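Chemist: The lines below spell out each chain.
2 protein chains.
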Amino acid sequence: MARDAWKHDPRQALRAGADFDLATFDRAGTPGWGGDRDAGEAFTVHRGEELSELQERLYAEGRSGGSRSVLLVLQGLDTAGKGGIVRHVMGMVDPQGVALASFGVPTAEERTHHYLWRIERRLPPPGRIGVFDRSHYEDVLVVRVDNLVPEAVWRPRYEEINTWERKLIEAGTKVVKVALMVSHAEQGARLMGRLDRPDKHWKFSMGDLATRAKWDDFQDAYADVFRYTSTEEAPWYVIPADKKWYARLAVTEILTRTMAELGLDWPQATFDVDEARRALQATMR
Amino acid sequence: MARDAWKHDPRQALRAGADFDLATFDRAGTPGWGGDRDAGEAFTVHRGEELSELQERLYAEGRSGGSRSVLLVLQGLDTAGKGGIVRHVMGMVDPQGVALASFGVPTAEERTHHYLWRIERRLPPPGRIGVFDRSHYEDVLVVRVDNLVPEAVWRPRYEEINTWERKLIEAGTKVVKVALMVSHAEQGARLMGRLDRPDKHWKFSMGDLATRAKWDDFQDAYADVFRYTSTEEAPWYVIPADKKWYARLAVTEILTRTMAELGLDWPQATFDVDEARRALQATMR
Numbered sequence: 000m001a002r003d004a005w006k007h008d009p010r011q012a013l014r015a016g017a018d019f020d021l022a023t024f025d026r027a028g029t030p031g032w033g034g035d036r037d038a039g040e041a042f043t044v045h046r047g048e049e050l051s052e053l054q055e056r057l058y059a060e061g062r063s064g065g066s067r068s069v070l071l072v073l074q075g076l077d078t079a080g081k082g083g084i085v086r087h088v089m090g091m092v093d094p095q096g097v098a099l100a101s102f103g104v105p106t107a108e109e110r111t112h113h114y115l116w117r118i119e120r121r122l123p124p125p126g127r128i129g130v131f132d133r134s135h136y137e138d139v140l141v142v143r144v145d146n147l148v149p150e151a152v153w154r155p156r157y158e159e160i161n162t163w164e165r166k167l168i169e170a171g172t173k174v175v176k177v178a179l180m181v182s183h184a185e186q187g188a189r190l191m192g193r194l195d196r197p198d199k200h201w202k203f204s205m206g207d208l209a210t211r212a213k214w215d216d217f218q219d220a221y222a223d224v225f226r227y228t229s230t231e232e233a234p235w236y237v238i239p240a241d242k243k244w245y246a247r248l249a250v251t252e253i254l255t256r257t258m259a260e261l262g263l264d265w266p267q268a269t270f271d272v273d274e275a276r277r278a279l280q281a282t283m284r
Numbered sequence: 000m001a002r003d004a005w006k007h008d009p010r011q012a013l014r015a016g017a018d019f020d021l022a023t024f025d026r027a028g029t030p031g032w033g034g035d036r037d038a039g040e041a042f043t044v045h046r047g048e049e050l051s052e053l054q055e056r057l058y059a060e061g062r063s064g065g066s067r068s069v070l071l072v073l074q075g076l077d078t079a080g081k082g083g084i085v086r087h088v089m090g091m092v093d094p095q096g097v098a099l100a101s102f103g104v105p106t107a108e109e110r111t112h113h114y115l116w117r118i119e120r121r122l123p124p125p126g127r128i129g130v131f132d133r134s135h136y137e138d139v140l141v142v143r144v145d146n147l148v149p150e151a152v153w154r155p156r157y158e159e160i161n162t163w164e165r166k167l168i169e170a171g172t173k174v175v176k177v178a179l180m181v182s183h184a185e186q187g188a189r190l191m192g193r194l195d196r197p198d199k200h201w202k203f204s205m206g207d208l209a210t211r212a213k214w215d216d217f218q219d220a221y222a223d224v225f226r227y228t229s230t231e232e233a234p235w236y237v238i239p240a241d242k243k244w245y246a247r248l249a250v251t252e253i254l255t256r257t258m259a260e261l262g263l264d265w266p267q268a269t270f271d272v273d274e275a276r277r278a279l280q281a282t283m284r
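Sequence lines, in order, name chains A and B. By the count of numbering that gives the first Met the number 0, the first sequence reaches residue 284 at its end, each step adding exactly one. By the count of numbering that gives the first Met the number 0, the second sequence reaches residue 284 at its end, each step adding exactly one.
Hints are computed from structural coordinates only; laboratory data are not their basis. All clues stand as given, with none of them false.
Which residues of chain B face chain A? A few of them, derived with a C-beta cut under 7 angstroms, are:
#, residue
1, Q95
2, L194
3, M205
BS3-like mimics (lysine-lysine), calculated; alpha carbons at most 27 angstroms apart, straight line:
#, chain 1, residue 1, chain 2, residue 2
4, A, K173, B, K199
5, A, K202, B, K173
6, B, K202, A, K173
A quick note: this is a predicted structure, and the numbers were derived from the prediction, not measured. For glycine and all other residues, C-beta sits at the position ideal for the given N, C-alpha and C.
Based on the provided sequences and hints, a complete structural model is requested.
Modeler: Structure (structure tokens):
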């Protein structure tokens, strides 16, 4: 039996509040967790079973006319572990209940549209957990750092995003925003790890070094994301990501606790169960 | 260590050839497997690890400019276990590498288009394993049984589908077609199981009984699918599905062996690895 070593709800410990300071944030920490790595991995699996059932209830609700969905927004620099969250956390639930979308640097074609255009097309249908591997926040992150549009264009986006997310939430989508933050040293080590393994070379490009060179600019841009868009309805959870096991444990816990609060019941039968049973019995040869 | 109890390649044992007879097909059999259920479940997990690596290689190839993909077509009547294959077989690989699409009875809107229109829009991108939970074969199954279009319209589709699949394969998509066949008695028992559990009521509708009443028509329609569309390039594998563990074991094995034959190598680095290593080292603070 996996032991629950959370000292308190990680949504409190990890939430980016008014006093959050990214510059001093410990990226190797394990806030709120009172156990070691083995205990954390075991508890992730344990919670995964609960998450899997919650996902099935959400799916059943969606199939039965419900309009609710969940949207997990994943942000983080290269090597922060977004792919590992998709694989190891979302991999614990039924693929049929997950709607995954990845967003890169907006293409020239995408930039001819409003920046939320490509996002809205990939929102989860009712009953699903949508997962955004990067998201609309790229439009105030890489777009800002690389000057893809002038400041007069990206600056108002923080407020626009808050308004847009509020409407999304009102329409029935629970928004869970998670930023995985690695340290500069750990990112360097992970990139070196990719260079050291021929089966990981495909994950590397020289562009990763160009992005790494803009580390401080990205940190500033992330700090502003947390400052301006960690709202009451859709707070940011900032996850120390140097320890992959902790990041996966924390995201699993945040998602499971959030979904447990949705009050997901199994849908009521819309037919007469006894009558259906009799009719079925009559078909047995 | 899981033991390989396959007596021979299940692709031979399960392939619908010229002499295949659906009427006498044993739906509770375990063709080709020389072990019991426990051994089968263990070997499914073992092969799942291999499948997962093959999927990652395919994904890497797609990310590196390759155009190949895999398409797993799942067919079967209600309760045959298509959802279980998605959950338990595809659930063993990284969700990022899987593109899942479900197809129901064609809607009125879909029927204003060519029947392959909705299918082509959901083909897997390069590097992915596409999974079709039902497919274009519905257009010669439910569409035929329920007379949604006249015979003069559905009858030519077998040949059209063969031609269309041939082009798809030539363009780089490996097509794996799997039909899960349950017995009439087992379908009855599974439907009753849904009625007996309030958490499964959402999976049931009175329409399931209407469909079950057309059992013989569906068997005839499936027999014609196997007769006319089990081609050299894209044969049908007909899976006895009364034992869920066997169906999952067999589909895992067929998919793994098929992908193992694709000759998937890790992509070569397109950059100078030593130069990248030096450049990265210079960024370490």
